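2 protein chains.
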Amino acid sequence: MNRAALINEIKQKQSFLCVGLDTDIEKTPLHFQSRPNGVVEFNKQIIDATKDYCVAYKINTAFYEAMGARGWDAMEETCDYIPSSHLKIADAKRADIGNTSTYYAKAFFEKLKFDAITVAPYMGEDSIRPFLEHENKWTIVLGLTSNKGANDFETLPLKNEKQLFEQVLHSVSKWGNENNLMFVVGATQAEQLSAIRKIIPNHFLLIPGVGAQGGSLKDVAHYGLNEDCGLLVNASRAIIYADNTDSFTIEAKKVAAQYREEMKLYL
Amino acid sequence: MNRAALINEIKQKQSFLCVGLDTDIEKTPLHFQSRPNGVVEFNKQIIDATKDYCVAYKINTAFYEAMGARGWDAMEETCDYIPSSHLKIADAKRADIGNTSTYYAKAFFEKLKFDAITVAPYMGEDSIRPFLEHENKWTIVLGLTSNKGANDFETLPLKNEKQLFEQVLHSVSKWGNENNLMFVVGATQAEQLSAIRKIIPNHFLLIPGVGAQGGSLKDVAHYGLNEDCGLLVNASRAIIYADNTDSFTIEAKKVAAQYREEMKLYL
Chain A
1 MNRAALINEI
11 KQKQSFLCVG
21 LDTDIEKTPL
31 HFQSRPNGVV
41 EFNKQIIDAT
51 KDYCVAYKIN
61 TAFYEAMGAR
71 GWDAMEETCD
81 YIPSSHLKIA
91 DAKRADIGNT
101 STYYAKAFFE
111 KLKFDAITVA
121 PYMGEDSIRP
131 FLEHENKWTI
141 VLGLTSNKGA
151 NDFETLPLKN
161 EKQLFEQVLH
171 SVSKWGNENN
181 LMFVVGATQA
191 EQLSAIRKII
201 PNHFLLIPGV
211 GAQGGSLKDV
221 AHYGLNEDCG
231 LLVNASRAII
241 YADNTDSFTI
251 EAKKVAAQYR
261 EEMKLYL
Chain B
1 MNRAALINEI
11 KQKQSFLCVG
21 LDTDIEKTPL
31 HFQSRPNGVV
41 EFNKQIIDAT
51 KDYCVAYKIN
61 TAFYEAMGAR
71 GWDAMEETCD
81 YIPSSHLKIA
91 DAKRADIGNT
101 STYYAKAFFE
111 KLKFDAITVA
121 PYMGEDSIRP
131 FLEHENKWTI
141 VLGLTSNKGA
151 NDFETLPLKN
161 EKQLFEQVLH
171 SVSKWGNENN
181 LMFVVGATQA
191 EQLSAIRKII
201 PNHFLLIPGV
211 GAQGGSLKDV
221 AHYGLNEDCG
231 LLVNASRAII
241 YADNTDSFTI
251 EAKKVAAQYR
261 EEMKLYL
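First to last, the sequence lines map onto chains A and B.
Counting from 1, position 68 in the first sequence corresponds to residue 68 in the numbering used here; the numbering is continuous, with no gaps.
Counting from 1, position 250 in the second sequence corresponds to residue 250 in the numbering used here; the numbering is continuous, with no gaps.
One should not assume that every hint holds.
Note that identical chains are pooled: a pair holds if it fits in a single copy or bridges any two copies.
Claimed, not checked - Within a straight-line C-alpha distance of at most 25 angstroms, the following computed SDA-like cross-link-like pairs (lysine to any residue) qualify:
{"id": "1", "residue 1": "K159", "residue 2": "R3"}
{"id": "2", "residue 1": "K27", "residue 2": "N99"}
{"id": "3", "residue 1": "K159", "residue 2": "H170"}
{"id": "4", "residue 1": "K113", "residue 2": "A69"}
{"id": "5", "residue 1": "K27", "residue 2": "H134"}
{"id": "6", "residue 1": "K137", "residue 2": "D73"}
{"id": "7", "residue 1": "K198", "residue 2": "Y266"}
{"id": "8", "residue 1": "K162", "residue 2": "D126"}
{"id": "9", "residue 1": "K106", "residue 2": "L30"}
{"id": "10", "residue 1": "K106", "residue 2": "G38"}
{"id": "11", "residue 1": "K27", "residue 2": "K254"}
{"id": "12", "residue 1": "K113", "residue 2": "H222"}
{"id": "13", "residue 1": "K254", "residue 2": "T155"}
{"id": "14", "residue 1": "K27", "residue 2": "K106"}
{"id": "15", "residue 1": "K162", "residue 2": "D73"}
{"id": "16", "residue 1": "K174", "residue 2": "N136"}
{"id": "17", "residue 1": "K148", "residue 2": "W175"}
{"id": "18", "residue 1": "K11", "residue 2": "T102"}
Since the hints were derived computationally from the structure, they do not count as laboratory data.
Predicted model, so just to flag it, every value in this text is computed and none were measured.
Chain A on its own, in the form it takes in the complex (with noise of 0.2 angstroms):
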């Protein structure tokens, strides 16, 4: 899916959200855990309730890596079920050496039709630029997370006075471009994002953070928003456990619907 394409989805709903697909069967309804496809036909459901209130599904890996290879099955499942229209993207965090992460782009971008993968930047160019030599995909690479661990390293400061993760959007938004690079920027860091839209105007983000994570979507909507809309605001938990009872569907729709009316307001 190209940026063209994703711009207009998102004029179209009037809504930059993001479902994120974070399933753990344990927390399912109860008729779902004892299905040996539970995982799937739960995420079918969430799909078919939200998918008119969103414009991408995040697949979390390790919730379906747990599982281990029926969860990779899963995985596959879901992602051929997500609308064409909506952008499918791999919350993989991956990343290795340039010879190991042309294997990860191939699972991800071939095996897998994912249209996005999340991407680690400790390694550097080589371990990026594989997953950027795919057409029509997106390499979206974590600048500045919604974790406390955020202040570990991502915010150190460097000897040129940039904190790091400001040297990674500075460096790694050279390695590619608005219609090939995104960026992760936790919603819990929204008072950040108008120093990170000087180093990084145009380019979209994904902000995971909203909701369970306590990130506030006034926020990110006042200090992200860029002439294209230039974000995606993820929602996991808030929306796919908005209630564990075979009402699920009702209210996961209605919390993604609330979402969109909120985010009609900013656009």
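Put chain B on the given structure of chain A with help from the hints.
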């Protein structure tokens, strides 16, 4: 596998060799390529041929993920086949917010029966903590890697005069101890090992980059060995693709034995 058992294995075998199972079916001898479970059959023969000369196996997850769900099965079958005398390392370069890392730890330490996993430090303490909480398991954190991109961020000078990777070694070594933490240091960075040993004198280091990537075993041993050996030197392509005819096990065994002979000299 705990530290005492690992050290004992090293002393008995007079080897600190780790064999990397970065198996790409297209690079194996032809007759494996048409077999449905070719990767596992190849790996089993490599393990049989090399197990007397090494103390660890490292499975690079990217190569298996590129095969989809059946790759995950192949990873599990391979992991189960590795003798319990050998340290089983998942070279997975994972880490995410704490809630997610908990699922990665579950995937590799519980669902798959690995003894160790490689993780990236960028997201800080809470992204690494869930791995450290598993008893008798090892968390192997990226320090200074073997690739060219190591110079993009890892060696950046911080305001406190340390390079980023040195700060990573300093900080992360406080989150765990010598019994549950190791660090990745590339063999191509051997001259840096003296300085690294001043920061973490006692930790085991996982050293990739010997062989195909050009690092020198002699230099690594010279600068990196400590009283308990403290090194695991990985070779992947140099061993598993030593030959791509039907004699591949003979050649793999020969190369592994050569590494062991050289290691004996240094121990």
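Results for each hint:
1. For the homomeric pair K159 and R3, neither the shortest alpha-carbon distance inside one copy (36 angstroms) nor that between copies (38 angstroms) is at most 25 angstroms.
2. Taking the closest pair of Cα atoms, K27 and N99 come within 25 angstroms of each other only across two copies (14 angstroms); inside a single copy the shortest separation is 38 angstroms, beyond that limit.
3. Both within a single protomer and between protomers do K159 and H170 lie at most 25 angstroms apart by alpha-carbon distance, with minima of 15 angstroms and 18 angstroms respectively.
4. When the C-alpha separation of K113 and A69 is checked against a cutoff of 25 angstroms, the pair qualifies both within a copy, at 17 angstroms, and between copies, at 14 angstroms.
5. In this assembly of identical chains, K27 and H134 lie within 25 angstroms of each other by CA distance solely across copies; the values are 23 angstroms between and 36 angstroms within a copy.
6. Taking the shortest alpha-carbon separations for K137 and D73, only the intra-copy value of 22 angstroms comes in at or below 25 angstroms, while the best inter-copy value is 27 angstroms.
7. Taking the shortest alpha-carbon separations for K198 and Y266, only the intra-copy value of 20 angstroms comes in at or below 25 angstroms, while the best inter-copy value is 53 angstroms.
8. For a Cα distance limit of 25 angstroms, the shortest separation of K162 from D126 qualifies both inside one copy, at 22 angstroms, and across copies, at 24 angstroms.
9. When the C-alpha separation of K106 and L30 is checked against a cutoff of 25 angstroms, the pair qualifies only between copies, where the shortest distance is 22 angstroms, while the shortest distance within a copy is 36 angstroms.
10. When the C-alpha separation of K106 and G38 is checked against a cutoff of 25 angstroms, the pair qualifies only between copies, where the shortest distance is 19 angstroms, while the shortest distance within a copy is 27 angstroms.
11. Taking the closest pair of Cα atoms, K27 and K254 come within 25 angstroms of each other only inside a single copy of the chain (19 angstroms); across copies the shortest separation is 52 angstroms, beyond that limit.
12. In this assembly of identical chains, K113 and H222 lie within 25 angstroms of each other by CA distance neither inside one copy nor across copies; the values are 33 angstroms within and 47 angstroms between.
13. Taking the closest pair of Cα atoms, K254 and T155 never come within 25 angstroms of each other, the shortest separation being 37 angstroms inside a single copy and 48 angstroms across copies.
14. Proximity of K27 to K106 under the C-alpha cut-off of 25 angstroms is restricted to the inter-copy arrangement: shortest distance 16 angstroms between copies versus 31 angstroms within a copy.
15. Taking the shortest alpha-carbon separations for K162 and D73, neither the intra-copy value of 43 angstroms nor the inter-copy value of 44 angstroms comes in at or below 25 angstroms.
16. Taking the shortest Cα distances, K174 and N136 sit within 25 angstroms of each other inside one copy (18 angstroms), while across copies they are farther apart (43 angstroms).
17. In the homo-oligomer, the alpha carbons of K148 and W175 lie at most 25 angstroms apart only across protomers (15 angstroms), although the nearest pairing inside one protomer, at 28 angstroms, exceeds that limit.
18. In the homo-oligomer, the alpha carbons of K11 and T102 never lie at most 25 angstroms apart, since the shortest distance is 34 angstroms inside one protomer and 37 angstroms across protomers.
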